[in-house]
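I would like the entire structure built from these sequences, with the hints used as guidance.
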Amino acid sequence: MNIIGQRILLRNFVEDDFSFYNELEQNPVTHKYESNAPDTVEIQQDFQKALSDSISNPREKYQLAICLKDDNRPMGRISIKLNWSEIREWEIGWALHTDFWKKGYATEAVELMLGFAFSDLNAHRVVAYANTENESSEQLMIRAGMIKDGILREVRYCNNKWCNESIYSMLEREWRQTK
1 MNIIGQRILL RNFVEDDFSF YNELEQNPVT HKYESNAPDT VEIQQDFQKA LSDSISNPRE
61 KYQLAICLKD DNRPMGRISI KLNWSEIREW EIGWALHTDF WKKGYATEAV ELMLGFAFSD
121 LNAHRVVAYA NTENESSEQL MIRAGMIKDG ILREVRYCNN KWCNESIYSM LEREWRQTK
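Taking UniProt numbering, I'd label the letters of the sequence shown as residues 1 to 179.
It cannot be assumed that every hint is accurate.
Cut-off 27 Å, straight-line C-alpha distance, at most; resulting in silico cross-link-like pairs (DSSO-like, lysine-lysine) [said to hold, decoys possible]:
#1 Lys148 with Lys161
#2 Lys148 with Lys61
#3 Lys61 with Lys161
#4 Lys102 with Lys179
#5 Lys103 with Lys161
Here are the simulated distance ranges between beta carbons [said to hold, decoys possible]:
#6 Asn159 with His124: 29 to 37 Å
#7 Thr98 with Lys69: 19 to 27 Å
#8 Gly115 with Tyr157: 33 to 41 Å
#9 Val14 with Asn57: 13 to 21 Å
None of these hints come from the bench; they were simulated from the model. None of these values were measured; they are calculated from a predicted model. Glycine included, C-beta positions come from ideal geometry on N, C-alpha and C.
Now the structure itself:
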């Protein structure tokens, strides 16, 4: 599966991507705003799950590599999973290697994934969450056209304190208005 953008492509992970995936997941910055960072065993299990999800049918989770279009080299990951089938709600999440920050790649990846959700997955609503201290992720969601629904108070324990999370969403009709 490939989703092709202007500068990037989103594709299924392959076995050869593990060293990159492992490096990304072991980087403390990747999980700075989350409850805990995965250990080596969890990273391996998560990667194997991404590989097996890519061949499941029907598919309820897509965990894709964010790659430079020119050389197919991974620079991050993006996922979308079915949260609530009755209302066709999907949730997206992403992580980008620090070497590729502040270049618009994550925004392009989120925009591509939103398009995939609404045009191919028949999503009614797509949501994303961010620790309220993670201003970069909140700004990315705004740039991608998502709307802030609110703040969930003290829903995550990270960095030795309770943290709030913002929830952003986009509805299918809002996405269609941008096309």
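Hints and how they fare:
1. Lys148 with Lys161: Roughly 23 Å separates the two Cα atoms, so the pair holds.
2. Lys148 with Lys61: 23 Å, holds
3. Lys61 with Lys161: Judged against 27 Å, a Cα distance of about 30 Å means the pair is violated.
4. Lys102 with Lys179: 25 Å, holds
5. Lys103 with Lys161: 31 Å, violated
6. Asn159 with His124: 29 to 37 Å: 34 Å, holds
7. Thr98 with Lys69: 19 to 27 Å: 20 Å, holds
8. Gly115 with Tyr157: 33 to 41 Å: 34 Å, holds
9. Val14 with Asn57: 13 to 21 Å: 18 Å, holds
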